[in-house]
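Undergrad: Chains H and G supply the protein sequences, listed in that same order.
The first sequence begins at 1 in the numbering used here and counts up one residue at a time.
The second sequence begins at 1001 in the numbering used here and counts up one residue at a time.
Among the hints, a few may not be true.
Here are the simulated DMTMM-like cross-link-like pairs (lysine to aspartate or glutamate), alpha carbons at most 25 Å apart as the crow flies [stated by the list, open to error]:
(1) G/1037 with H/423
(2) H/144 with G/1139
(3) H/23 with H/33
(4) G/1037 with H/174
(5) H/178 with G/1139
(6) G/1037 with H/66
(7) H/256 with H/425
(8) G/1281 with H/33
(9) G/1038 with H/66
(10) H/723 with G/1233
(11) G/1280 with G/1139
(12) G/1222 with H/423
(13) G/1281 with H/132
(14) G/1222 with H/143
(15) H/617 with G/1048
(16) G/1090 with H/66
(17) G/1037 with H/120
(18) H/408 with H/682
(19) G/1038 with H/727
(20) H/178 with G/1233
(21) G/1305 with H/70
(22) G/1305 with H/682
(23) G/1090 with H/143
(24) G/1037 with H/616
(25) G/1305 with H/120
(26) G/1272 with G/1285
(27) G/1181 with G/1139
(28) G/1038 with H/616
(29) G/1305 with H/616
(30) G/1037 with H/652
(31) H/605 with G/1013
(32) G/1305 with H/33
(33) H/658 with G/1170
(34) G/1038 with H/174
(35) H/147 with H/727
(36) G/1038 with H/117
(37) G/1305 with H/117
Derived from the structure by calculation, the hints contain no laboratory data.
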Amino acid sequence: MGFFDDTISLSAPPEGRVEATAKVTGSGKYSAEYEVASLCHAVLVGSTIPAGIIKSINVGNARQVEGVIDVITHLNRPMVPAFADEAKIKEARFGLPVFHTDKIYFKGQPIAMVIAETLEDATYAASLITAEYAADQFNVDFEKSYKNAELKTAGKDRGTADSWAETPSVVEAEYTIKNEVHNPMEMHATIAHWTAENELKMFDKNQGVNNVQRMFAKLYNIPAEKIHVVSEFVGGGFGSGLRVWPHCLAAVIGAKAVKRPVKLVLTRPQMFTLVGYRPESWQKVKIGADNSGKFTGILHQARHATCVYDNFNEGITRIARLVYNFANLRTESATVPLNLSMPTWMRGPGDCTGDFAIESAIDELSYKLNIDPVQLRLQNLALEKDPDSGKKWSTNFVDECIKLAAEKIQWQNRKAAIGAISDGDWKTGYGMAVGMWNAGRSNASAGIKMLKDGSITVQTAMTDIGTGTGTAMQNIAKDATGISKEKIRIELGNSNLPPAPSQGGSTGLSSISGAVAAAVNALKMKLAGFAAAENDTYKNVVGADIILSDNGISYKTTNQQFVPYSVIWEKNNLQVLEVEASSAPGDERKQLAFCSSAAHFCMVKVNTKTGKIKIEKMVCAADGGTIVNEKAAANQISGAVVGGIGMALMEEQLIDPKLGTAIGNDLAGYHFAVNADAPIVEVIFVNKPDVNSNPSGSKGLGEVGIIGAAAAIANAIYNAIGKRLRDLPITPDKVLMG
Amino acid sequence: MRPFIFTKPATADQALIKKTNQAQFIAGGTNLLDLMKKHIALPEELLDVTNALPAAITANTKGIRIDAMVRNSAIASQAEVLSQFPLLAKAVLAGASPQIRNMASTAGNLLQRTRCPYFYDTTVPCNKRIPGTGCSAMDGDNRMSAIVGYSNQCVAVHPSDMCIALAALEANVLVTGRDKKQHSIPFKDFHRLPGTTPQLDNNLPANAVITAVEIPGNRFQKNFAYVKVRDRDSYAFALISVAAALHMEAGVISEARLASGGVAHKPWRWYKAEQFLKGKKPSAENFRQAASIAVGETKPLANNKFKTVMLQGAIETALQNCLTA
Ligand SMILES: Cc1cc2nc3c(=O)[nH]c(=O)nc-3n(C[C@H](O)[C@H](O)[C@H](O)COP(=O)(O)OP(=O)(O)OC[C@H]3O[C@@H](n4cnc5c(N)ncnc54)[C@H](O)[C@@H]3O)c2cc1C
Ligand code: SF4
Chain H
1 MGFFDDTISL
11 SAPPEGRVEA
21 TAKVTGSGKY
31 SAEYEVASLC
41 HAVLVGSTIP
51 AGIIKSINVG
61 NARQVEGVID
71 VITHLNRPMV
81 PAFADEAKIK
91 EARFGLPVFH
101 TDKIYFKGQP
111 IAMVIAETLE
121 DATYAASLIT
131 AEYAADQFNV
141 DFEKSYKNAE
151 LKTAGKDRGT
161 ADSWAETPSV
171 VEAEYTIKNE
181 VHNPMEMHAT
191 IAHWTAENEL
201 KMFDKNQGVN
211 NVQRMFAKLY
221 NIPAEKIHVV
231 SEFVGGGFGS
241 GLRVWPHCLA
251 AVIGAKAVKR
261 PVKLVLTRPQ
271 MFTLVGYRPE
281 SWQKVKIGAD
291 NSGKFTGILH
301 QARHATCVYD
311 NFNEGITRIA
321 RLVYNFANLR
331 TESATVPLNL
341 SMPTWMRGPG
351 DCTGDFAIES
361 AIDELSYKLN
371 IDPVQLRLQN
381 LALEKDPDSG
391 KKWSTNFVDE
401 CIKLAAEKIQ
411 WQNRKAAIGA
421 ISDGDWKTGY
431 GMAVGMWNAG
441 RSNASAGIKM
451 LKDGSITVQT
461 AMTDIGTGTG
471 TAMQNIAKDA
481 TGISKEKIRI
491 ELGNSNLPPA
501 PSQGGSTGLS
511 SISGAVAAAV
521 NALKMKLAGF
531 AAAENDTYKN
541 VVGADIILSD
551 NGISYKTTNQ
561 QFVPYSVIWE
571 KNNLQVLEVE
581 ASSAPGDERK
591 QLAFCSSAAH
601 FCMVKVNTKT
611 GKIKIEKMVC
621 AADGGTIVNE
631 KAAANQISGA
641 VVGGIGMALM
651 EEQLIDPKLG
661 TAIGNDLAGY
671 HFAVNADAPI
681 VEVIFVNKPD
691 VNSNPSGSKG
701 LGEVGIIGAA
711 AAIANAIYNA
721 IGKRLRDLPI
731 TPDKVLMG
Chain G
1001 MRPFIFTKPA
1011 TADQALIKKT
1021 NQAQFIAGGT
1031 NLLDLMKKHI
1041 ALPEELLDVT
1051 NALPAAITAN
1061 TKGIRIDAMV
1071 RNSAIASQAE
1081 VLSQFPLLAK
1091 AVLAGASPQI
1101 RNMASTAGNL
1111 LQRTRCPYFY
1121 DTTVPCNKRI
1131 PGTGCSAMDG
1141 DNRMSAIVGY
1151 SNQCVAVHPS
1161 DMCIALAALE
1171 ANVLVTGRDK
1181 KQHSIPFKDF
1191 HRLPGTTPQL
1201 DNNLPANAVI
1211 TAVEIPGNRF
1221 QKNFAYVKVR
1231 DRDSYAFALI
1241 SVAAALHMEA
1251 GVISEARLAS
1261 GGVAHKPWRW
1271 YKAEQFLKGK
1281 KPSAENFRQA
1291 ASIAVGETKP
1301 LANNKFKTVM
1311 LQGAIETALQ
1321 NCLTA
C-alpha cells in the first residue's frame, strides 16, 4: 500500500475520472483555494430577526479588532449600478438586493460584512456586530398558511372532472414534504478581484460560469468579456450553484470597496439559509381507475413555500402530466410566500416532490384494486407519446426499466398481503415507483487544441460538479477522433473557454456531447485541409471520411493515405492547432419529445417496536440513452438514490414558527443518509441510444435517480407494516405513531 | 471565534494551577471547538490537557480504571473492556463517528453539552446558555427533548451514549480540585437535573479536573445490550437509547440494570423497572411489564409523545437482546 511519502504514479486509473488524480492529491483547486496576491477575507453577518427595518448597525467594536480593513453595510457600500433605485432592482431580477436595502425579509439576511487581513480576524469581528431593528410581523409557518394560497390551474386540463366522478376505484390523499437543504460538501465560496477599472475576475463555486458572467455584466453594466469566472473544480452542487447568490455579489462589492481581492466563504450554518433549498410542500392527489385498472383521471394539487422578495415555482405538478395516460387530468398549483430565504432547484426539482405523491397514490390504488403495482403501472404508461405535448417520444423505455429492476430485486418474492414476511419484530416489505425527467439539450460550444505530438485538449466553459462531465467528454472525444485517452486532456469551468450552458436539469452531457462532436469534426476538417497539400485524397472529404490516431490522419480506414501530424506541423510551421464549434438542438426537438426515466425498487425491514427502518435492497434501472461512461453514470444514479433515501427517511429543515429561525443549522442535526443507511445501490441501464437526442445518443441522468426513490421506499414500508406514511421524512416516530 | 491563549501544560498540577473560570480545559475538542465557533463558549484561555492527563486503561481486582485522556475508540477496542465490560464498548461504538471517537476523550465525553438546537442558536432565548432568557424548546420544537426529570426552565437531554453504559454499570468519576484534593463522585450524582439551574450540567466542582472513571467489577459479561434508536444509522444522537444488563441465576434474573439516554437531562436509571425484574423469569411478558413501569415514570412534551412508545419498544428489545445478542 502506498503512503503519502511514497512515490505514487500520477496517472489516473484506467476507469477513473479525468479529474480523479487532481482531486485526490489536492492539486485541483476549489474556488476558495486559489492564491491571489494581497487577498483579504470577508465574513457576512446575518440579521437576527425575520422581518422589519434596520434602524442602526453598531460596527464600532468590530472596527476595533486588529486586522479589520472595512465593514460594509447598506450605509456605506459602493453602489451596484443595477441597484440604483427600486425600479432598477426589480428589473435586475437578482433576488435579494444585498447591502442596498434596510428591509429585512428573512432571518440570517446579510446586513453587514467584515473584511479583514485574516479569516480569524474577520470572523471574530463579525461576532461583535449588533443591530437595532424595527421588527415587523412575520410568517414562516407553511403548515398554517398554505391553505390561504389560492390554487391556479397549472397547464391545460384534459377531459373533465365529471367524467370520472363515478369511477369505481378512487384514492385521494394529502402529502407533505419538509424543507430540504442541498449542503454539498464544499461550501459556497467566491474570490472577487477587480483586476482593473471595470474588469472583474472571480473564482467562484457555481454550476455555470457563463451565467455568473452574464449576471455581473448586467449588475455592473460592463461587457461580459471583461468578466472572467473560474469554477474549475466544484465539490457538489445539487442545484445550489445554479443561481448567483447574494454572498457572491457581496464579495464583489467588498473587493470594490477595499480595492483588493476579497475571499468570502460561507460558513456551514450560512449554507442553510443563503444558497437555496427544496421548499416545503403540500400536495393532494386523487386518482381513479376502472375495474380493469385503467386510470380514468387524476387531480393533482400542489403548493410550496417561497420567499417574500422574489418568486420561485418549481412545478411540482409537471410530472403528473408526463408518465401515464390520464384521459381526464387537472393540475393546480400555488406558491406560499414566507419570511424565509429564496428556495431554489434541488436535484429533481418539482418532479421528485410531485412524483412522491403520485407514485404513493398509485401504490395505494394497486392495493385497492388488488392488482400488482408493477402490472398497474405497465398497463397505464404513456409509451407512445408525451401525453402533454402529444409529440411522439423519441425513445421511452420506462417499461423496460420496470421489468429490469423487478427481475433484479426478484419482485416475485413480494407478498401482496401486508406484513406477510416477518422475523420477530422485523417486518419485510417490497415497494416500487417510477421517475421521469424531460431530457433536454441546449446550445453549447467546445474547442480543441492540438499539438504536434497528437495530444489534444478539449475545452468548454461548462462546469463539472461531480457528474463526470469531463470524463464523458474524454470518452466522446476518444470515440470520435480515434486518439487514445492518454492523449486527451480536458479543461472546463472557465468563462474564457467556449461558452456552455449551466450544468443543471440533466442537460449537461446532452448539450456538451454535441459540441464535442462538432469540435472534433472541425478539427478533422482543419487537419484535412493541411493534409490535402500532401495527398490529394484529402481535397474533397467530409468529417466522417477521416480517422485520426495518436500519430496522424488517415482516410476512411486506419493507416490509409496516412499523413503524420509531424509532417503537417513542420510543413506549416504550426505550434498549436485550434478549432472551436458549437452545436444546438434542431428541428427534432419540435417534432419529438424526449425523456429519461428510472424504475426504483426497494426492499425494507421495519421494526414494529422501535420504528427503525432498514433499507435492505435498492435497485434502480434507468434509461439514459447510450451510456457514455458506465462508471460515472452508475455513480450519478447511486448518488441520487442515496439522496432519495435521505429524502424519504431523514432530511428535514424545520423552522420555528414563533422565532422565525431555522431549528439547527449544522450537519450534526440535519441528517442526510450516510453509508450505514444505504445498501449498495444496484444500478442497471437500458443502454439503448436515442439517436435524435444528440450525437452521442445519450440522455441526461442527473435527476431520474432521485425521482421515485422516496415513493418506492414509502411503498415498501406500507407493504411491510400497513401504514401509508404520506409526510416526509418518515422518521422512526412516524412509523410508531402513524 | 474569539481570540484565545493556548497552552499545553505538561502535568495535571500545572493544568490545575492555570485553571480559572476564564481558562478552559480542552481534550479532543470535538465539542468545545464547536461551542467556541458558535460563540457559546468564550474562553480566554485553552489549557490542552492531552499531555497533562494519563491515558491508560488499568484493570485491578476491584474493577477497571479508564483515565481521562483515553480516547473513545481505545475504550471500544481494549481487551479487558471487551471481556469484562462489553456493555461499555457497545455503547461507545454506538456514538458519533469513527473520526470523532478517535479524538473524543473519556472526560470530554462526560462533559459534552446538550444538542438542543436552540442552545446552539445564539439569536434565540435559552436558559441553559443565558439563564433567565427563557426556554425556546418548551413551546417550540421539542421532538428530541426530555420526557422525564425536566423542569419548566429546561427540557434538554444529555447526549452521550458512553455515559448511559457508565450509569448502568455504576461507575465513579475521579476528580481533583484546585486544592489537589481527590474526590470520587458516584455516576448517578455526577450529572444534574435542570431544576432552576439549567446552566449547570453536572456537579464537577468549579475548576476541578477529571482524572479517570472507575467501574467496579460486575457479572454482566453475558447478558447485556445497548439499543439506540436514531434518525440515521451512524453519526446521529439517540432519540431513545437503552443500556440493559442482566445476571441470571437458575433461570431467574438475580440482578438487572436499565438506563436510558435521550430521555432526561442526565443518564437516566429505571430503578423501579430494575426492581421489578429482580427474581423474575426472563420472559417477554415480564420485559413488557418492566418497560411499562419505566414508561409510567415519563411525561412527554407536545412533540415527543412518540418517545414513550419508542421507550417501551426499546426497553423490550434491549432486554430481549440481552438473551440472544
Ligand atoms: C457531529 C457529532 C456527533 C456526535 N455524536 C455523538 C453520539 O452519537 N453519541 C455520543 O455519545 N457523543 C456524540 N458526540 C459527542 C462526542 O462524543 C463528544 O464531543 C466527545 O466525547 C467530547 O470529548 P472531547 O475530548 O472532544 O471533549 P472536548 O470538546 O475537548 O471537551 C468537552 C468539555 O470537557 C471539558 N474537559 C475535557 N477534558 C476535561 C478534564 N479532564 N477535566 C475537566 N474538564 C474536561 C472541556 O473543558 C469541555 O468543556 C458527537 C459529536 C459530534 C460533533
Ligand atoms: S431545553 Fe434547555 S437547552 Fe434547550 S432551549 Fe430550553 S433551556 Fe435551552
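Undergrad: Determine for every hint whether it applies to the structure shown.
TA: Hint check results:
Distance hint between residue 1037 of chain G and residue 423 of chain H is unfulfilled; the C-alpha atoms sit about 47 Å from each other, more than 25 Å. Distance check on the hinted pair: residue 144 of chain H and residue 1139 of chain G sit about 17 Å apart at the alpha-carbon level, within 25 Å; holds. For a cut-off of 25 Å, the pair hint linking residue 23 of chain H to residue 33 of chain H stands: about 12 Å separates their Cα positions. Proposed proximity of residue 1037 of chain G and residue 174 of chain H is contradicted: the alpha carbons are some 41 Å apart, above 25 Å.
At roughly 20 Å between alpha-carbon atoms, residue 178 of chain H and residue 1139 of chain G fall within 25 Å of each other, so this suggested pair holds. Restraint check for residue 1037 of chain G and residue 66 of chain H: the C-alpha separation of about 19 Å stays at or below 25 Å, so the hint holds. Between the alpha carbons of residue 256 of chain H and residue 425 of chain H the distance comes to roughly 64 Å, so the proposed pair goes past 25 Å and is violated. Restraint check for residue 1281 of chain G and residue 33 of chain H: not satisfied, since their Cα atoms lie roughly 64 Å apart, outside the 25 Å limit.
Between residue 1038 of chain G and residue 66 of chain H the alpha-carbon distance is near 21 Å, which keeps this suggested pair within the 25 Å criterion. In summary, the hint linking residue 723 of chain H to residue 1233 of chain G is supported, as the alpha carbons are separated by about 22 Å, within the 25 Å threshold. At roughly 41 Å between alpha-carbon atoms, residue 1280 of chain G and residue 1139 of chain G are farther apart than 25 Å, so this suggested pair is violated. For a cut-off of 25 Å, the pair hint linking residue 1222 of chain G to residue 423 of chain H stands: about 24 Å separates their Cα positions.
Annotation: proposed proximity of residue 1281 of chain G to residue 132 of chain H is violated, straight-line Cα distance about 66 Å (limit 25 Å). Taken as a hint, the residue 1222 of chain G and residue 143 of chain H pair is broken in the structure, with Cα atoms around 50 Å apart against an allowance of 25 Å. With a CA separation close to 46 Å, the supplied pair residue 617 of chain H and residue 1048 of chain G exceeds the 25 Å bound. Annotation: proposed proximity of residue 1090 of chain G to residue 66 of chain H is violated, straight-line Cα distance about 48 Å (limit 25 Å).
This hinted pair checks out: residue 1037 of chain G and residue 120 of chain H have alpha carbons roughly 11 Å apart, not beyond 25 Å. Taking the CA atoms of residue 408 of chain H and residue 682 of chain H, the gap is near 8 Å; set against the 25 Å cutoff, the hint holds. Between the alpha carbons of residue 1038 of chain G and residue 727 of chain H the distance comes to roughly 32 Å, so the proposed pair goes past 25 Å and is violated. As the CA atoms of residue 178 of chain H and residue 1233 of chain G are separated by approximately 21 Å, the hinted pair is consistent with the 25 Å bound.
With a C-alpha separation of about 51 Å, the suggested pair residue 1305 of chain G and residue 70 of chain H falls outside the 25 Å cut-off, and the hint is violated. A distance of roughly 38 Å separates the Cα atoms of residue 1305 of chain G and residue 682 of chain H; the hinted pair therefore is violated under the 25 Å criterion. With a C-alpha separation of about 41 Å, the suggested pair residue 1090 of chain G and residue 143 of chain H falls outside the 25 Å cut-off, and the hint is violated. Restraint check for residue 1037 of chain G and residue 616 of chain H: not satisfied, since their Cα atoms lie roughly 38 Å apart, outside the 25 Å limit.
Proposed proximity of residue 1305 of chain G and residue 120 of chain H is contradicted: the alpha carbons are some 43 Å apart, above 25 Å. For the hint pairing residue 1272 of chain G with residue 1285 of chain G, the CA-to-CA distance comes to about 16 Å; that is within 25 Å, so the pair holds. With a CA separation close to 43 Å, the supplied pair residue 1181 of chain G and residue 1139 of chain G exceeds the 25 Å bound. For the proposed pair residue 1038 of chain G and residue 616 of chain H, the alpha carbon gap of about 38 Å is over 25 Å, so the pair is violated.
Between residue 1305 of chain G and residue 616 of chain H the CA atoms are separated by roughly 29 Å; this puts the pair beyond 25 Å, and the hint is violated. Between the alpha carbons of residue 1037 of chain G and residue 652 of chain H the distance comes to roughly 24 Å, so the proposed pair stays at or under 25 Å and holds. With a CA separation close to 54 Å, the supplied pair residue 605 of chain H and residue 1013 of chain G exceeds the 25 Å bound. Between residue 1305 of chain G and residue 33 of chain H the CA atoms are separated by roughly 48 Å; this puts the pair beyond 25 Å, and the hint is violated.
The hinted pair formed by residue 658 of chain H and residue 1170 of chain G fails the criterion: a straight-line CA distance of about 42 Å is larger than 25 Å. Distance hint between residue 1038 of chain G and residue 174 of chain H is unfulfilled; the C-alpha atoms sit about 39 Å from each other, more than 25 Å. For the suggested pair residue 147 of chain H and residue 727 of chain H, the alpha carbons sit about 17 Å apart, so the restraint of at most 25 Å is met. In summary, the hint linking residue 1038 of chain G to residue 117 of chain H is supported, as the alpha carbons are separated by about 21 Å, within the 25 Å threshold.
Between residue 1305 of chain G and residue 117 of chain H the CA atoms are separated by roughly 51 Å; this puts the pair beyond 25 Å, and the hint is violated.
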